[in-house]
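2 protein chains.
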Amino acid sequence: MTEEQDHGRRTAAHGSRIDAYVDRYAARATGMVASEIRALFAVASRPEVVSLAGGMPYVTALPLDAVGEIVADLVAHRGTVALQYGSAQGDLHLREHICEVMREEGIDAGPDDVVVTVGSQQALDLITRVFIDPGDVVLAEGPSYVGALGTFAAYQASVVHVAMDDEGLDPAALAETIDTLSRQGRRIKFLYTVPTFQNPAGVTLSAPRRRQVLEICRRAGVLVVEDNPYGLLGFDGEPMRALRADDADGVVYLGSFSKTLAPGFRVGWALAPHAVRDKLVLALESAVLSHSTFTQLTVGQYLATQPWREQIKHFRELYRERRDTLLGAMEALMPPGCVWTRPAGGFFVWVTLPDGLDAKAILPRAVAERVAFVPGTGFFADGSGRRNMRLSYCYPEPERIREGVRRLAGVIQQEVVMRDTFGTGSAPAHAGVDTPGPDLA
Amino acid sequence: MTEEQDHGRRTAAHGSRIDAYVDRYAARATGMVASEIRALFAVASRPEVVSLAGGMPYVTALPLDAVGEIVADLVAHRGTVALQYGSAQGDLHLREHICEVMREEGIDAGPDDVVVTVGSQQALDLITRVFIDPGDVVLAEGPSYVGALGTFAAYQASVVHVAMDDEGLDPAALAETIDTLSRQGRRIKFLYTVPTFQNPAGVTLSAPRRRQVLEICRRAGVLVVEDNPYGLLGFDGEPMRALRADDADGVVYLGSFSKTLAPGFRVGWALAPHAVRDKLVLALESAVLSHSTFTQLTVGQYLATQPWREQIKHFRELYRERRDTLLGAMEALMPPGCVWTRPAGGFFVWVTLPDGLDAKAILPRAVAERVAFVPGTGFFADGSGRRNMRLSYCYPEPERIREGVRRLAGVIQQEVVMRDTFGTGSAPAHAGVDTPGPDLA
Numbered sequence: 001m002t003e004e005q006d007h008g009r010r011t012a013a014h015g016s017r018i019d020a021y022v023d024r025y026a027a028r029a030t031g032m033v034a035s036e037i038r039a040l041f042a043v044a045s046r047p048e049v050v051s052l053a054g055g056m057p058y059v060t061a062l063p064l065d066a067v068g069e070i071v072a073d074l075v076a077h078r079g080t081v082a083l084q085y086g087s088a089q090g091d092l093h094l095r096e097h098i099c100e101v102m103r104e105e106g107i108d109a110g111p112d113d114v115v116v117t118v119g120s121q122q123a124l125d126l127i128t129r130v131f132i133d134p135g136d137v138v139l140a141e142g143p144s145y146v147g148a149l150g151t152f153a154a155y156q157a158s159v160v161h162v163a164m165d166d167e168g169l170d171p172a173a174l175a176e177t178i179d180t181l182s183r184q185g186r187r188i189k190f191l192y193t194v195p196t197f198q199n200p201a202g203v204t205l206s207a208p209r210r211r212q213v214l215e216i217c218r219r220a221g222v223l224v225v226e227d228n229p230y231g232l233l234g235f236d237g238e239p240m241r242a243l244r245a246d247d248a249d250g251v252v253y254l255g256s257f258s259k260t261l262a263p264g265f266r267v268g269w270a271l272a273p274h275a276v277r278d279k280l281v282l283a284l285e286s287a288v289l290s291h292s293t294f295t296q297l298t299v300g301q302y303l304a305t306q307p308w309r310e311q312i313k314h315f316r317e318l319y320r321e322r323r324d325t326l327l328g329a330m331e332a333l334m335p336p337g338c339v340w341t342r343p344a345g346g347f348f349v350w351v352t353l354p355d356g357l358d359a360k361a362i363l364p365r366a367v368a369e370r371v372a373f374v375p376g377t378g379f380f381a382d383g384s385g386r387r388n389m390r391l392s393y394c395y396p397e398p399e400r401i402r403e404g405v406r407r408l409a410g411v412i413q414q415e416v417v418m419r420d421t422f423g424t425g426s427a428p429a430h431a432g433v434d435t436p437g438p439d440l441a
Numbered sequence: 001m002t003e004e005q006d007h008g009r010r011t012a013a014h015g016s017r018i019d020a021y022v023d024r025y026a027a028r029a030t031g032m033v034a035s036e037i038r039a040l041f042a043v044a045s046r047p048e049v050v051s052l053a054g055g056m057p058y059v060t061a062l063p064l065d066a067v068g069e070i071v072a073d074l075v076a077h078r079g080t081v082a083l084q085y086g087s088a089q090g091d092l093h094l095r096e097h098i099c100e101v102m103r104e105e106g107i108d109a110g111p112d113d114v115v116v117t118v119g120s121q122q123a124l125d126l127i128t129r130v131f132i133d134p135g136d137v138v139l140a141e142g143p144s145y146v147g148a149l150g151t152f153a154a155y156q157a158s159v160v161h162v163a164m165d166d167e168g169l170d171p172a173a174l175a176e177t178i179d180t181l182s183r184q185g186r187r188i189k190f191l192y193t194v195p196t197f198q199n200p201a202g203v204t205l206s207a208p209r210r211r212q213v214l215e216i217c218r219r220a221g222v223l224v225v226e227d228n229p230y231g232l233l234g235f236d237g238e239p240m241r242a243l244r245a246d247d248a249d250g251v252v253y254l255g256s257f258s259k260t261l262a263p264g265f266r267v268g269w270a271l272a273p274h275a276v277r278d279k280l281v282l283a284l285e286s287a288v289l290s291h292s293t294f295t296q297l298t299v300g301q302y303l304a305t306q307p308w309r310e311q312i313k314h315f316r317e318l319y320r321e322r323r324d325t326l327l328g329a330m331e332a333l334m335p336p337g338c339v340w341t342r343p344a345g346g347f348f349v350w351v352t353l354p355d356g357l358d359a360k361a362i363l364p365r366a367v368a369e370r371v372a373f374v375p376g377t378g379f380f381a382d383g384s385g386r387r388n389m390r391l392s393y394c395y396p397e398p399e400r401i402r403e404g405v406r407r408l409a410g411v412i413q414q415e416v417v418m419r420d421t422f423g424t425g426s427a428p429a430h431a432g433v434d435t436p437g438p439d440l441a
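Protein chains in written order, with UniProt numbering: chain B, 1 to 441; chain V, 1 to 441.
Some clues are possibly wrong.
Quick look at which bits of chain B chain V covers, simulated, 3 or more residues with Cβ under 8 angstroms [as the list claims (entries may be wrong)]:
id, region
1, 41 to 47
2, 126 to 132
3, 257 to 267
4, 283 to 295
These are computed hints drawn from the structure, not numbers from a lab. All values reported here derive from a predicted model rather than from experimental measurement. The beta-carbon is built from N, C-alpha and C at its ideal position, and this holds for glycine as well.
Required output: the full structure, derived from the provided sequences and hints.
Structure below.
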């Protein structure tokens with residue numbers, strides 16, 4: 001049985017067996033349900049389907065020989081350390097290298113304030129665990145990273161979206177939202193933002209807006225959670241200065257090696273004010289005891305011995321070519337009435353379909369035509385995003401990207417014809433978690 | 001700066017800086033505080049101290065050459081898979097091997113019902129996340145694994161301890177506790193138990209009691225969470241039959257490779273009824289997206305190619321010798337009035353001190369005399385355990401174990417003299433998380 005069949009079987013079985021525990025779950029577990037369209041993403045991982053859904057980095061571009069030498073050397077020379085438990089905060093030498101990586105974005109920090117996490121997803125989980133009581137407000141861009149919304153939901157946060165445009169989060173909308181919520185007596189715990197090459201919108205918060213956002217949050221006493229997995233993957237000029245670079249006390253910064261090295265090690269981190277860092281370490285301990293020493297030492301050794309800046313440059317060039325390919329093909333092929341963002345880095349383009357179309361309803365037809373995307377509704381906590389889809393250009397080779405856009409444009413064109421004929425496109429699908437799993441994300 | 005100095009500095013700094021976020025944490029975070037004695041465990045990791053505190057397996061006994069070949073081969077031949085995201089449920093082939101491992105304890109299960117987790121600690125975290133609303137009751141042996149109590153506290157569960165003796169959990173006490181709580185209208189979500197070679201008590205639930213415990217829980221509709229990291233590390237005869245082997249619907253089984261292979265990979269698992277498994281997978285996704293593909297494939301390959309049963313036998317013989325050494329030295333040296341358990345497997349001995357002594361208060365003096373243990377209070381949610389300590393024999397070599405017991409016996413003897421002279425021993429220490437971190441556990 002392949003992993004795909006297994007996945008398909010699982011999803012198909014869902015709902016068909018009786019759940020003896022249905023009355024006993026925690027309140028937070030009620031939303032933990034996969035939607036019917038999840039099965040589609042398993043289909044979408046077949047080789048004949050062009051997946052513009054996935055956010056998987058192109059790890060084929062990595063120097064596998066060097067990585068192989070590092071892991072063999074690690075077991076041979078530091079095996080009894082690498083295979084043992086580590087501290088909950090994470091390996092000190094890795095944390096020192098992480099500080100070096102963050103200096104590329106203007107951050108001046110010491111290893112004592114860094115916590116190594118199981119991908120930056122775990123950092124998100126822990127920061128939410130430490131701050132959120134049920135009903136507390138998290139501010140987030142609309143649209144926002146689906147994995148973050150899943151975590152916020154798991155802690156029963158109330159997510160309030162703040163509008164964004166081509167320059168990122170709108171400071172005026174942010175100030176107004178904070179003002180309104182404060183008047184209503186709501187407890188705003190933090191602003192969650194992906195300021196650079198945002199997932200899913202592909203836009204970047206401009207420098208003047210960065211100052212404004214920090215100032216607004218500082219005045220309102222709202223912590224900023226800056227999630228920055230793509231910051232070093234910009235296509236033009238120097239990296240943007242991180243929000244954290246200009247506010248050490250008001251920002252928790254989340255970083256990751258999943259996109260600049262490899263997701264298979266699951267090494268991310270949080271940089272937090274000292275007292276918050278203490279809480280994160282204890283929360284991590286209760287969640288997983290400690291992260292894998294083996295993968296931490298591997299990543300530390302990679303950073304210590306390999307030309308990692310050159311490798312990131314290689315990734316940047318590779319992804320820039322793919323972005324250009326995607327945007328060029330869309331320009332040439334997409335039906336009138338479609339609009340989309342033009343990312344200056346990262347992995348994603350955000351598409352708005354013509355009025356009357358429903359991206360989630362279109363997905364089954366698209367998969368039948370051998371192309372996949374992620375519908376926009378997954379990136380909102382409030383049911384918005386029906387006319388949106390996220391396209392990613394990080395994984396497929398350029399030729400495949402062109403073919404994928406050709407197929408997708410054809411499907412959308414048919415939907416436009418249906419709408420013009422019947423007044424509506426495909427019927428909407430059911431509710432639930434309607435994004436692919438991590439291996440197909 | 002060494003890891004130890006770093007840890008010491010962190011602990012010393014705790015409380016001395018002002019926490020700007022003190023009013024903003026979630027209710028669950030209020031208990032996330034390290035006690036003063038945590039700093040002692042950093043000291044206790046110095047080479048001159050004999051640590052009987054740690055639960056670290058003796059990974060020096062592993063075939064490092066074979067592990068080195070496996071990881072190098074993995075990167076060379078399956079690098080682009082091993083370095084990529086994986087499914088949230090975990091690698092299918094690893095799950096198949098996990099089923100083979102569980103068959104050693106009489107469990108008949110398929111890979112579809114297994115979820116791979118970041119150590120079994122994460123399985124504990126996820127099962128608590130899925131079932132526990134604040135105030136819900138978790139039944140647990142008294143004493144109970146400190147890491148589980150930390151997780152239950154993080155989800156604001158109300159832990160109710162059930163008495164145990166040399167045959168493990170007392171079924172009559174269990175039935176009575178359930179009865180009392182039910183009459184009070186309390187919601188009991190599950191029984192958490194380490195039935196085999198319990199941490200910290202070192203005792204094992206007898207076969208007749210296993211049937212009784214299952215029957216009592218089945219009748220009361222209480223889920224059993226069976227945590228079994230030590231089950232294959234028995235010193236006499238065949239492995240005990242797992243609770244899960246006789247009840248597929250009423251038991252969630254947690255397993256781990258941390259003690260039978262190596263903790264540095266952080267690979268554990270949960271085996272759960274189908275509907276619960278679905279929830280666990282989605283909870284895992286929101287917590288960490290997916291576990292490290294790299295470490296999962298490494299463990300899978302180890303199980304597929306190495307004589308893992310022989311390796312576990314080697315561990316068993318090694319730990320049996322150390323247990324014999326510890327028990328022999330205690331018999332010879334411990335002052336009258338001390339009593340302790342005699343484990344038939346696993347890592348731990350549970351000591352009860354003479355009346356009037358306080359193990360937590362004794363710890364600083366013991367560390368000054370270059371021996372460390374874990375005070376009993378950490379293993380209770382209700383403040384019990386003052387007269388108890390946990391001693392572990394897994395990590396130090398036999399000669400060091402003997403020397404450690406000699407030092408410890410001397411410290412306890414002095415405390416007895418103090419008690420007889422002044423009516424009390426050393427003064428009790430402060431509250432908080434008073435167990436060592438994972439690297440020193």
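Structure-inconsistent hints, enumerated in ascending order = 1
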